[in-house]
Each structure stands twice: as structure tokens, then as C-alpha cells.
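Undergrad: For reference, the chains in residue letters:
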Amino acid sequence: MGDLVLHLDGISKSFGGLSALSNVNLHVEEGTTHAIIGPNGAGKSTLLNVCIGRLKPDSGRVMFDGQELTGKQPHEIAQIGVARVFQTPEIFQEMSLLENVMLPAFAHRDGSFRFNANKLLSKQGEIRDEAEHILEDVGLKDQMMMEGGSLSRGDKRRLELGMCLILHPRLLLLDEPTAGMARHDTNQTIDLLKKIKSRGMTKVIIEHDMHVVFSLADKVSVLARGQIIADGNPDEVREDPKVKEAYLGGTQ
Amino acid sequence: MDAIFIQILNGLDKGAAYALIALGLTLVFGTLGIVNFAHGALFMLGAFCAVTFQKLVTISDRVRDEGVTAFVAYKETPYLEIWFGDTGATIIDYSVPLSILFAIPIMLLIGFVMERGLIKHFYKRSHAEQILVTFGLAIVIQELIKAYFGANPIPQPAPEILAGSANVGSWFGLGNNLVYPWWRLIYLTFSGVTIFSVFAFLKFTTYGMVVRAGMRDRETVGLLGIDIERRFTIVFAIAAMVAGVAGVMYTPILPPDYHMGMDFLVLSFVVVVVGGMGSLGGAVCAGFLLGIVQSFASMNEVKEIFPGIDQIILYLVAVIVLLVLPRGLMGRTGVMDD
Amino acid sequence: MTDMKKPVLNDMLLLFIFSAVILLMPFWLEPFGAAYPDLLQKFAIYGIFAIGFNILLGLTGYLSFGHAAFLGVGSYAAVWSFKLLTMNVLPAVLFGVLFAGALAAIIGFLSLRRSGIYFSILTLAFAQMSYNLAYSVLTPITNGETGLQLDRSDPRILDRMFSEGEPAAGLPSTDLFGVTMSGYPGFYFCAVILIVCFFISIRIFRSPFGLMLKGIKSNQNRMQYTGLNTRPYMQTAFIISGMFAGLAGSLLAVTDPLAGAERMQWTASGEVVLMTILGGVGTLIGPILGAALIKYFENIFSSFNDTVLEQAFSFLPESVLDVVVPLMGLFVGSGWQLTLGLLFMVVVIFLPGGLVEGFNRIFKFIRSGKKRKGLVEPTQDQASE
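Chains as they are written, first to last, in the working numbering: chain H, 32 to 283; chain F, 97 to 434; chain R, 240 to 624.
One thing to keep in mind: the hints can contain errors.
Lysine to aspartate or glutamate pairs mimicking DMTMM-like chemistry, simulated, CA-CA at most 20 Å apart [unchecked claim]:
#1 Lys456(R) <-> Asp141(H)
#2 Lys154(H) <-> Asp250(R)
#3 Lys456(R) <-> Glu125(H)
#4 Lys220(F) <-> Glu125(H)
#5 Lys456(R) <-> Glu225(F)
#6 Lys242(F) <-> Asp250(R)
Since the hints were derived computationally from the structure, they do not count as laboratory data.
Input sequences plus hints: build the corresponding full structure.
TA: Structure (C-alpha cells):
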């Protein structure tokens, strides 16, 4: 267990009078895998959107490694080292898998702006090697010349994960990485995430599948009706009566 | 005070034309999701309905001119006058307002054919492609009109009793030098009625309700099992008709020529964008507003301070509105964000 | 789209073939009746315009409806350079590019705050403003409706400095260190610049910069969440594209030293959109192909008239002739625009990928046909993309 790396301080957000998050505090420690679970509509995706700058919270602060993220542009947050895998995969449909993974590497390198038109793509050996390496990690190297759009949904997610990994993020946010996957694919993804974990990357995972949560998470926070109702290691949370109530008697 | 009042009045008739074109444009965009660059051409076609109608009613024969007794003289006399005498002459005099009756079925038909033949294939294509194909269509329509009617403007007289000007000033106790052509007053009333009818149609008929629901959420309406496609066709035809009758009525103000559609289209797009894409009320308000703004900008007093302002004012307003209020004056969020 | 997938043709080879095709145009276009300098110059100039436009539309997907403004500014700047400095074309071209680039920087800075159709309308609004101003208040600079022309009394500071005695009678002509830039020399000058532009375009398409622009077109959200600040990249693409347009505008002035406001009208912007779409958006060759085709047909079609048609169809019986000639007459001569509009529609409806896609389809069809017959040749692939 290391220092706090992500620190959400009293985040509130409402949409047209409907409160999605109210006074949420969350602490994620360096190097851990922190799962956020909760019934549908509990505000989990909103929470991630606040972290990456897609939404601005009504009040509260998001701190990452001593820097304030609130109010920063999405690309600035990404450059600080926060990457995200979306619920519906956000990839470049018309490009080859290799380009899909190389592109974030360029974006990472020249994000703020560099007129990088004088060195051809074919001369970018280092980045290409790394991209191929990462495609191998996520199990897509054989298909690397295929178009992104032609992949299955599960493969698209894996591709997107690869696109995030090449950024070498310090914090990786995963929004239901296994939703809609078959058991076999789910297990593969769990293995993959475990492999990443051994590299010491901090991860926040939103997940419905308890099997995934309990095989990966070091810490679990339970979000219900826009509030954190329980916090702790997986076993504690599992036994928490409030959690049981939220799931059984809750909105679901 | 008089000067301000007269500028407002002057702006209103142009504004009414903008509003009517923009209304159809935004109706089609809001319901069908189509960016129709041929909408100005529909306005122009309406104007040429009036021209055609006038040509039809004035088809003439050579008749012995009884007024000349010294020798045998002939003059061109329309058949209508030969057959119906004074009634015929009245019909010719009123050819512009009467040609609305002629234009309505024709414009509905043109709208129907256009939607079925072309537009419906573009619902799922990108806005850029819609713009391009309708732009091509607009050129085609425009060139056909030019080939048939020639390149010169064709004046269309208003009925004789409406030829003069109304002494608007005296109505409001503002002095006698405030006059305004009768026909423009008619045009204003007419556009008010048309706009009101379109809104009433959308508001009070079940048909309109479905259309409005479709503007908000097309997919859901489709899921309800409502035959949305057929309604789209009718909406498009109505938009075409509104543009067409607006064109008919505008002919005494501006003699129609083949490129009037394009001239109005670019400005109407600016109007739609200023009003907010997909907002009917916005389009109407912005139409009148921009008409008035343009009229003020062409005052000599204003031009002395900002030379050339009258040439660019509409675009300038559009740019400022778009940069400050990205969704226009009354636009909803999320429309055309892609 | 995927450049690295299969480099169909080596880029250097492509550039070489392209250069050969362009430079040899006076010869191989002879049988098409297009091998005269005025038309060839137009091919090259509008090719440059379209290449530049394609860098914006093809890579980033942003549809500008105001590129004619840059073309016009390029022309005006070039003519002023002829009037004030020298008849040498190099400064003229340089100023054309710089002024267009500066205008593009301003318009791009404002317009790129919005995307989609809002962007298109903004660019259209700026271009229309430039056009209207050029016609009215800017008359001292643009000479309004008459257009900006050379005059014997122009100062031409540099020329006067180096030449002695009275200048020759009549208007001077543009030159490149003594070589008059009209006729074939003018064409070759434009052609060389076109080839350089084509080379630049290849480099941009094949660089990380180009890939990033494609990424913005494909998924702007994803680009931002991977840490890319998209604005400066878009801005750069817009400026480059505007500079190409300015270059084309200045070359128009080089080959015919006058500049008029109609060059900035929105129909002129529409024309470059059409060229790019007709040839194939986002392809390297497509826009140039589109530009050349449109200029070719414009030239051929608009020179036809009823007499020419009657001769062409004279083999038909008179009664048929009476129907055919007026009908065909609609599409030629001053009716050329009608043909253009129809072409526009046909391309967008049936061939959204443009001619290049059309060729690719035909090529694939032929190849698959041969395969079926077992006649597979050693594959000689088509020109890139």
C-alpha cells in the first residue's frame, strides 16, 4: 500500500435538479486496483466522467498526485497520466489496429503541439515496435492490419485497453471492461488486467460482475444513489449490511 | 422617431421572406435531419410559378383594334379578356395573388417528388453529403429556370388597387411622410398568417404532434410504430409549399430571376443558424430580427460611421451569435454537435 | 485509409509517375483537344487548390465553404506585388501565400471553435464578408467590380531600380528572371509548383501529423482523452490548406495578372468542394483528378454552341435533330453549369468515394473476374489509395 494518488473531495453533480452525485469522497491508493460497484443509476459513470474532465462537478475537487484536475481540459488530464477505457469502445473505426495503438503514442508525445510532419510514419520504428508489443499483450497482434471497425465488441475493448496502455498512464479508469462479454472472454480480460496490475499501475474499475470484482480488486467502494455507502477491502464490503440492503432493496 | 419606425417597417418585409424560408428549412432539418441547400431554389420556383401563371393568363390573340379607325390595326389581347371581358381583365390584374392557388398544388407536388426521389435516400448519410447533393440539385433547378425563362428579372405587378403606398404614419399619428407600399403590408400580413398556420398545424393537429415529437426524438417515434416516413414526405412537401408561396408573394417586391434562390438561401441559412438549428420559433424571430438589423445597417447615418457595414452585417451577426451562443438564440443542445 | 496496411505503390515511384504525367500533359492531352497552355495552367492551378482543400476536408473532415476567400486574397496580393514591386513572379507567389495564410489564421482561429455544420456556416460567413467588402468599401485595394489590373503608371519599385530608361510601351508581362510567364513557360512553372505541392501532400498524409488529423476526423473524443490538444493541430491544417489556396490564387494572377472579387464568391468555394468530392476525398490523387476533369469539361462544354451541335449530330434526320439539338443545348455553352450540377448529384448519390473509388471498384471487378477464369496476372496494383 502506497500513498494516496487519486483523491475525490466532496464531489457533487446534478443534472437539471436530479442529483447524480452528492458529496462523494473517494481515496485511491497508489498501485492498487480499486473497484466501484453499485446498482444501475448509482452515478458510477458520472463519477468517471468527472475524473477525466468530461463533466464539471457542481462542487468538490478532484486531486491527482497533488494536482487539481477539476477545471482542466480532457487532454490536459490525459497528459498528466489519467487514461480511460469507455463503456462503449472509443476507437478509430477506419484505421488498422496498429494505427489505432500508434496514434495515442503520438498524441502522448506531441500532445500540446508539434508540427510532426517531417518524419514519416514508416520511420517511427520505436513507436511501432512498442505498439506491436502492446498488441501482443492484449492478444491482437495477429490481426494488427485489420480495421478497427471490423473487430468484435470484446476485441474492441481489448484494443482500447491497448490504446490506453501505450500512454503509460499512472491511473487507468475502466468502465465495465467486461460488460456484454462471454465468460471465456471475461476470464481472458481478467488475466490481462492482472498482468497489468503486476506493472504497478493504479486502476479504478467500475464493474457489475462480482466475479471480476473479487478476482481483481484490492479495495471496493459501493456507490448507491449518488453516495458512497461502504468502503473497504472486498471481504468487508461483502458482509456490510448496508450494501446488501442497497442491492436487494435498492433501485434494482 | 419616424426614421426608426420606417427602418423597422423596411426591415420587416425582407425579414418576413427570411423567416418563411428559414421556417421551412428548419422544419425539414428538425424533423427529417436534412440540411437542404435546395430550399432557396424552392422559393425561387414559387416565384416562377407566379411568372408562369401570369404567362398563362395573358396568352393572347391578335384582335382588331377598334380604337384605331383610320386603318386596320391589330393589338394583342389576352384570351381571357376576349372571352370574359372585364372579369378576365381583373383576373389578369390579380394574377400574383391568384397564382398562389396555382402554386400550392405545384409546390406540394415538387416537394413530394423531391423527397421521394432524392431526399429520402439521404436520411442516413452525413450532413456534408446532404449539403452537396442538394447544392447540386439547386444548381440544376436554377439552370433549368435560366434556360427556360432567361437570365433577366421578370417584373410582376401587384394588383392595381394595391399599387400605391399606405400612409402608415397618419394611422399612428406620426406625420404624413411615413408611407409604406400597400403590397408590402399585404406581404407582412400574409407571412404572419402563414407562420401562424404552420405553428397551428404543428400544435393542434395529431399530425403535427407526431412531427414535433419526431423533431425531439426521431428514433422513439419510429419505434412507436408510427409510419414516420410518410409523415416526413408530407412535412417536406409542406416546407416546399411554404417556401413556394413565400416566393409567389415576394415577386411584386423583387422581380424574380434565376439566382434569387441562392441569394436568399445563404442568408436563410445564416438566419436558421442564428435562430438555432431545429428551432422553429428561433428561425422566425431571427428572420425578422435580421431583416430589421439589415435595414438599420443600410441607413446612411450608420454607414458613415461603419463604412460597408450594410454589406456584411448579417454575416457579422451570424458569426457573433455562433461564437457567443453556440446553439443560436433558441437552439437546443445536442443538435448537430457532430 | 490505412496507409501502412499495404503500401500499394512506393511513394517515390508515385511521385515520379505523377511528375511525368503532369509534365508531359502537353503531349498526351493533344488527342483530347486540351493541350493548350491556358487550360493546362488551369489544371495545375486548380489542382493545387484542391490538394490544399483536401488536406482540410480529407484528413480532418471539416467542410469549409469559404476557401474561395483565400484564393481571392492570394490573387490580390500577387497583383499588388506586380504593381508595387516587380513583375517577377516569385515575390508575388510568396505574398499570395503569406497573406492567405494570415487570413486563414484569423478565420481558422474563430471558425474552429465550432464543428460540423456550424463550422461550415462560419467559414461561409467569413468568405461572404470578404467578398462583399471587396466589392464595396475595400475598392481602393480591390478596385471593386472592375477588378485589380496592372497599369503602365504602376511604381514597380524593384523593376525601375534595375532597369534603365523608359519601360517598353504597353503593359509589362509577368516573368521569372526574364522568362515570360504566359503560354507554356507559365504552365511549366505552375506544374513544377503542383508537383512540389503534391509531394508536400504525400508527406503530410504519411506523417504522424496526418495520422493525427485522421484521428480527429475518426474520433475526436478519443484523441482528446489520449492527451491531444486538437485545436492547434486543426488550426495548422486550416492554415496550410488556406496557404495552398492562396498559392493557387497567386498563380492565377501570375498567368493572367488581374484579380476580381468574383473569385471569392461562395460558388467558387462550392467548386473546389466539388472537385475534391468528384475525385475522391481523402485520397492523394483524387482532388487533382477532380480539378482537371471539371476544368476540362467546363472548357469543352462551354465552348459548344448550337451550330457545333448541329454539325456533330448532322447524321441524324432533321426531325430528330430538331429535338436533340435544343435538348443537348441545355447542357452545353452557358448551360455548362447544369451539367456541373447534375455531375455533382450523380457523384454524391452513386459514388460518394469519388472517381478514385470508382476506379478501385472497376479494378477489383476486373481482377475478381480474371481470378474466376483462373487468369491471375502478376499483380500490378493501381495508383495509391
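Undergrad: Hint by hint, note whether the structure agrees.
TA: Hint check results:
1. With a C-alpha separation of about 18 Å, the suggested pairing of Lys456(R) with Asp141(H) holds against the 20 Å cut-off.
2. Distance restraint check for Lys154(H) and Asp250(R): the Cα-Cα separation of roughly 14 Å lies within the 20 Å cut-off, and the hinted pair is therefore satisfied.
3. Restraint check for Lys456(R) and Glu125(H): the C-alpha separation of about 10 Å stays at or below 20 Å, so the hint holds.
4. With a C-alpha separation of about 18 Å, the suggested pairing of Lys220(F) with Glu125(H) holds against the 20 Å cut-off.
5. This hinted pair checks out: Lys456(R) and Glu225(F) have alpha carbons roughly 15 Å apart, not beyond 20 Å.
6. The straight-line distance between the Cα atoms of Lys242(F) and Asp250(R) is roughly 47 Å, outside the 20 Å bound, and the hint therefore fails.
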